[in-house]
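Asks: Sequence:
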Amino acid sequence: MKKWERVLWKKQPAYPDNYVGESFLRVSRKRLDVSYSQALYGATAVSQEVCCCLGLVAIFYGLSGGHLKGSNVLIVTATLGMLGYIIQHSHYHNIHSVREDFKLVCFYCLMIFCAAPIIKSLTGSVATDSINACTTLLLLLRLLHHDYGAQVAIVNPSISHNLGVFASVCLASRLNTDLQVFSLITVAVALFALFPGFRNYCKHEVNHVFGLYMNKVVVTLWHRGLWVNIRALKSLIIFDIELTDRVRARCAISLPQNRGRLYGP
Numbered sequence: 001m002k003k004w005e006r007v008l009w010k011k012q013p014a015y016p017d018n019y020v021g022e023s024f025l026r027v028s029r030k031r032l033d034v035s036y037s038q039a040l041y042g043a044t045a046v047s048q049e050v051c052c053c054l055g056l057v058a059i060f061y062g063l064s065g066g067h068l069k070g071s072n073v074l075i076v077t078a079t080l081g082m083l084g085y086i087i088q089h090s091h092y093h094n095i096h097s098v099r100e101d102f103k104l105v106c107f108y109c110l111m112i113f114c115a116a117p118i119i120k121s122l123t124g125s126v127a128t129d130s131i132n133a134c135t136t137l138l139l140l141l142r143l144l145h146h147d148y149g150a151q152v153a154i155v156n157p158s159i160s161h162n163l164g165v166f167a168s169v170c171l172a173s174r175l176n177t178d179l180q181v182f183s184l185i186t187v188a189v190a191l192f193a194l195f196p197g198f199r200n201y202c203k204h205e206v207n208h209v210f211g212l213y214m215n216k217v218v219v220t221l222w223h224r225g226l227w228v229n230i231r232a233l234k235s236l237i238i239f240d241i242e243l244t245d246r247v248r249a250r251c252a253i254s255l256p257q258n259r260g261r262l263y264g265p
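The sequence shown begins at 1 in UniProt numbering and counts up one residue at a time.
Careful: at least some of the hints might be erroneous.
Stated by the list, open to error - The calculated label-pair distances, taken between Cβ atoms and stated as ranges, are:
#1 Asp101 <-> Lys10: 46 to 54 Å
#2 Val7 <-> Val206: 37 to 45 Å
#3 Ser158 <-> Asp17: 35 to 43 Å
Stated by the list, open to error - Derived BS3-like pairs: lysine-lysine, alpha-carbon spacing no greater than 30 Å straight-line:
#4 Lys69 <-> Lys103
#5 Lys69 <-> Lys120
#6 Lys103 <-> Lys203
#7 Lys103 <-> Lys120
Hint data in this document are derived by calculation from the structure and do not stem from the laboratory.
All residues carry an ideal CB built from backbone N, CA and C; glycine is no exception.
Please model the complete structure; the sequences and the hints are all you need to start from.
Replies: In C-alpha cells form, the structure reads like this:
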C-alpha cells in the first residue's frame, strides 16, 4: 500500500477521507513557549493604553480646571508628534510622501478647528454624570477592542479608535472655549490614532530596550499628570501599572498551558 501523505491537493484512494496519519501533528505545537520577559514586554502595551485613556481624562480636568492652557497642550502634542514622526520615518527619503502627510495633518487640524464650536455645545442639555458614565464606558470598550498583538475575534482597531475619539468628544463638549476643545480632540487623535502605530513600529523595528524605555516615559508622564489633576485616581494608577503588568505576564505564561489550541501548519 502506498504511504499516506500529509497533503490536501492529492487524491489518496487507499485511505478514507477522514484518515489521519501518524505524521499529521509532527510540526504542530499545543502552545507557544513564552518567557517571563517576553510576556512582561507584551503587557506594557496594555499599560500604555490604560495610561493614554487616563491621560486624556487628566488633560480634560486640567483644561476645565484652569491648570492647563490649550496652547501649551497643543505645543507639547505637536512637539512629541514631530519627534515620533521623525523617528518612525527617518529611513524615508521621499519628499512627496512627507508633503502628503503634512497636507493630511493640516486637513485634520482644519476640520477639528471648524468642528470645535459645534462640539462645545453638543451636550449642553445633558447631565454631567451621564457624560462621565458614557465616557467611562467608551474608554473601557476601547481597551477591550484595542489591538495588543493577539489575533482574536474581539480585536477591531477601527472600532477601538472610533470609541476613543467619541469619548474625547463627550469630554470636550464640557469645556468652555474653542481652543480647549480643539486641543483636547487633537490630543485624542494623537493618542488613539498615531501613538499605537508608533508603538507597533518600536515593537517590530526597534529593540525591546527602547520599547521598555518608552513605556517608562509614558507611565511617568501620566503618573505626573494624574497626580496633579486627579489625585483620587492615584491608587488606581499604582494598582494597574505597578501590579497588573506582572499579573498579566504570569497569566500569559500559565493560562496557555491549559489550552488545546494547535500552532503550526
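Asks: Which of the numbered hints above does this structure break?
Replies: The structure conflicts with no hint, since it agrees with every one listed earlier.
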